[in-house]
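From first to last, the protein sequence lines stand for chains A and B. Going by our numbering, the letters in the first sequence line up with residues 1 to 232, in that order. Going by our numbering, the letters in the second sequence line up with residues 1 to 495, in that order.
Source of the hints: derived by calculation from the structure; they are not laboratory data. It cannot be assumed that every hint is accurate.
[Claimed, not checked] Every beta carbon over 10 Å from chain B, so not counted as near; a handful from chain A, in silico: (1) Thr73; (2) Leu112; (3) Glu122.
[Unchecked claim] To give an idea of the interface, some chain A residues facing chain B are shown, with a C-beta separation under 8 Å as derived from the structure: (4) Leu50; (5) Val51; (6) Arg52; (7) Phe57; (8) Lys72; (9) Asn82; (10) Leu85; (11) Leu88; (12) Ala96; (13) Lys99; (14) Ile100; (15) Lys128; (16) Tyr228; (17) Val231.
Just so you know, even glycine gets a beta-carbon here, dropped at the ideal spot from N, CA and C.
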Amino acid sequence: MIKIKDLKKIYGSTTVLNIPDLTIPKSQCIGLVGNNGAGKTTLFRIMLDLVRATEGFVSVDEEEVNKGEQWKTKVGAYLDENMLLSYLSPEEYFKALIKIYRLSEEDLQLHLDKFADFFNGEILGSKKYIRDLSKGNIKKVGIAAALLGKPEAVLLDEPFENLDPSSQIRLKKLILKEKEENLVTFLISSHDLNHVTEICERIVLLEKGVIVRDLEDKSSMTEALNNYFNVS
Amino acid sequence: MVKTLIKLEVLKRIRGTSFARSLAIGILMLFIGILLLGYLLLFGLFLNRLVTDVLEKPDAIIFINSNLLYFFLLELIYRYFIQQLPVINLENYLHLPIPKSGIIHSLLACSFLSPLNIVALLIFGPFAYVEVMEVYGFAPAMVWLGAILLTSWSMHWFVLWFKQRFEDSLTGTLVVFSALLVSIGSNYFGLYDLGGFFEPVFTFALENPAPIVLLAIVFILSYFLCFAFYRQNAYLEELAEGEHLQFANQDLGFLSKFGLAGEMANLEWKLIIRHKKSRTYLMLCLFFLLYGLIFYTNPAYRVETGFSYLFIFVGTFITGIFMLQYGQLFLSWNSPTFDFYTHQKNGLRALVRGKYLLFSGISFACFILSVPYVYFGWNVLFIHLATFLFNMGVTIHLVIYLALWKPKPMNLNKGSIFNYEGMGLSQFLMIIPLVAVPYVVFLPMAYWFGDYIGLLALGIIGAFGLLVFPMISTKMADVVVDKKYEISAAFRQEL
Numbered sequence: 001m002i003k004i005k006d007l008k009k010i011y012g013s014t015t016v017l018n019i020p021d022l023t024i025p026k027s028q029c030i031g032l033v034g035n036n037g038a039g040k041t042t043l044f045r046i047m048l049d050l051v052r053a054t055e056g057f058v059s060v061d062e063e064e065v066n067k068g069e070q071w072k073t074k075v076g077a078y079l080d081e082n083m084l085l086s087y088l089s090p091e092e093y094f095k096a097l098i099k100i101y102r103l104s105e106e107d108l109q110l111h112l113d114k115f116a117d118f119f120n121g122e123i124l125g126s127k128k129y130i131r132d133l134s135k136g137n138i139k140k141v142g143i144a145a146a147l148l149g150k151p152e153a154v155l156l157d158e159p160f161e162n163l164d165p166s167s168q169i170r171l172k173k174l175i176l177k178e179k180e181e182n183l184v185t186f187l188i189s190s191h192d193l194n195h196v197t198e199i200c201e202r203i204v205l206l207e208k209g210v211i212v213r214d215l216e217d218k219s220s221m222t223e224a225l226n227n228y229f230n231v232s
Numbered sequence: 001m002v003k004t005l006i007k008l009e010v011l012k013r014i015r016g017t018s019f020a021r022s023l024a025i026g027i028l029m030l031f032i033g034i035l036l037l038g039y040l041l042l043f044g045l046f047l048n049r050l051v052t053d054v055l056e057k058p059d060a061i062i063f064i065n066s067n068l069l070y071f072f073l074l075e076l077i078y079r080y081f082i083q084q085l086p087v088i089n090l091e092n093y094l095h096l097p098i099p100k101s102g103i104i105h106s107l108l109a110c111s112f113l114s115p116l117n118i119v120a121l122l123i124f125g126p127f128a129y130v131e132v133m134e135v136y137g138f139a140p141a142m143v144w145l146g147a148i149l150l151t152s153w154s155m156h157w158f159v160l161w162f163k164q165r166f167e168d169s170l171t172g173t174l175v176v177f178s179a180l181l182v183s184i185g186s187n188y189f190g191l192y193d194l195g196g197f198f199e200p201v202f203t204f205a206l207e208n209p210a211p212i213v214l215l216a217i218v219f220i221l222s223y224f225l226c227f228a229f230y231r232q233n234a235y236l237e238e239l240a241e242g243e244h245l246q247f248a249n250q251d252l253g254f255l256s257k258f259g260l261a262g263e264m265a266n267l268e269w270k271l272i273i274r275h276k277k278s279r280t281y282l283m284l285c286l287f288f289l290l291y292g293l294i295f296y297t298n299p300a301y302r303v304e305t306g307f308s309y310l311f312i313f314v315g316t317f318i319t320g321i322f323m324l325q326y327g328q329l330f331l332s333w334n335s336p337t338f339d340f341y342t343h344q345k346n347g348l349r350a351l352v353r354g355k356y357l358l359f360s361g362i363s364f365a366c367f368i369l370s371v372p373y374v375y376f377g378w379n380v381l382f383i384h385l386a387t388f389l390f391n392m393g394v395t396i397h398l399v400i401y402l403a404l405w406k407p408k409p410m411n412l413n414k415g416s417i418f419n420y421e422g423m424g425l426s427q428f429l430m431i432i433p434l435v436a437v438p439y440v441v442f443l444p445m446a447y448w449f450g451d452y453i454g455l456l457a458l459g460i461i462g463a464f465g466l467l468v469f470p471m472i473s474t475k476m477a478d479v480v481v482d483k484k485y486e487i488s489a490a491f492r493q494e495l
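All chains, please: the whole structure from these sequences, using the hints.
Okay, structure coming up:
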């Protein structure tokens, strides 16, 4: 459902991203791995049309992201805190979102029920604003917001970072469930190889903006990654 | 959708950690704003009599028409400096299914609700009513006024576009600079009569409604010029590519003689030249250096004995504009890295002292650069010296003291197009009460003992302020250290 073609991002004279061709089919879960500065976040930003591509394009269901805006209803994302309205409480934020997505209060309730475990009773009902929450809890709000409005694809940047171990496991379950029940496509970047290899059936390895491996064989995935990152 | 956006924006303001500060400034602004607009209205009401009785021109309408161009040039310049650009946190909305054009339209619509847009109405509305309507009748008066308003409003969009497009580039500076020169040149030296050349345009509006149709088209076109530009650039990244690193790497060597405070001043200097917002303030210094040309050459301010009291104001501006502007956001500039300073041994004290050092240095440089004004008389030099001393001795502490009350966090690193908080009208209006302070000293002394004694008093108080400078600056540093938890919490909260 997402296609990347001849994509290049050039800052000054350095090419930070160069992806000739990448196609992400529906309901696939893709893990994006790579060392710091490999271009993961830049790729996400270009996919979301937050940053302009120097060359080439990204399209969602044949719609180029910088030409139309229909795709925004189909793609949910959480990259960093800047995507949230930090001066609202989580509830207010979700309420503001359902107005934008044109959903009902019931839809929101159903949605939040799915996250009851994940939130661990720390998010909803507290009188705090998002900016006053801990890093992990801010992330939880962002992830729940990204999944709101029945998106067909969800982009998450480092979703496991800052989460406590039990929340990490709950998040993995949530992602797998969404994928199975609603055929949601996931694109997840992470430095935690165990987590990504567990939930993703395909891993894309970026190095200095170039895709150096595209692993789809689940059995040999772990070994290939371990070799690349020199962990053994 | 627009309603939701506006509601969210209001919530953001109310819940900001520095809401009390913004509110207080807002109320003060409202007060000053109403006062200024009231004066303009009065000016408009008596405009026809001013022209016929004071300036002794036979026909007020022809005179106004031939001078409208200067008004618009002036408007262009003040709009360039003080017109607020729309501010929004784009990251919050870009990934949501809200049409970008919707965001931009509502943003531009909000920017239109500005006091600057009724200035023309306040001045020329009454004139159209009392003068033009008497002579030409109702309909031509309305067409005439409409033509003026549409010109002024087209300028609103034009400046929004221009400021964003050429901001921080040499082209923009040159264009504004030449507009300034054209208006000064033709006005005061009478080299050429541009105004007379454009006079028929507005006279034509009195006879024929065609100009208004034309100007309406210009108005709409300028809106879409602005809209298209903002829509195209609604991205997170910086517009201008490549920093001006060649001069941004320079240290101010002499500062390192001042120890840790000097180091901090050096860091601050780098902060200033590496961010476009602060660079703008530095640029403003150069503009205000020329500001004196408008006043000192103007025959209207020439008096028999002594000098025009307005010159105190000019002197304060020329020698202190950087401190008055940059200082208002004293710690806000460091809000993203405030914890760094807190973490260093003696870091906060050094930071405050470093800032003092930098402000004094830049003010001193402005003073030195303004010395050639002595060409217009020795008193100009004395005025600059007295106001410089007063700025350094008194005003600087006031600016900093006010700035320390609930400082507002500011994100310098978001280089994107809509990130313009802390620039604009209110920053300029805040200067007015600060500039009034020298007059509190000067006016009574000048009234009783003469102009130069007034100047002397300013200078002496300023010099005395300089003597106790170390004491007061230590006090200010104490305030910062005392409030550091409060301040750093406020800075950290705003994501």
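Those earlier numbered hints the structure runs against, lowest number first: 1, 7, 15, 16, 17
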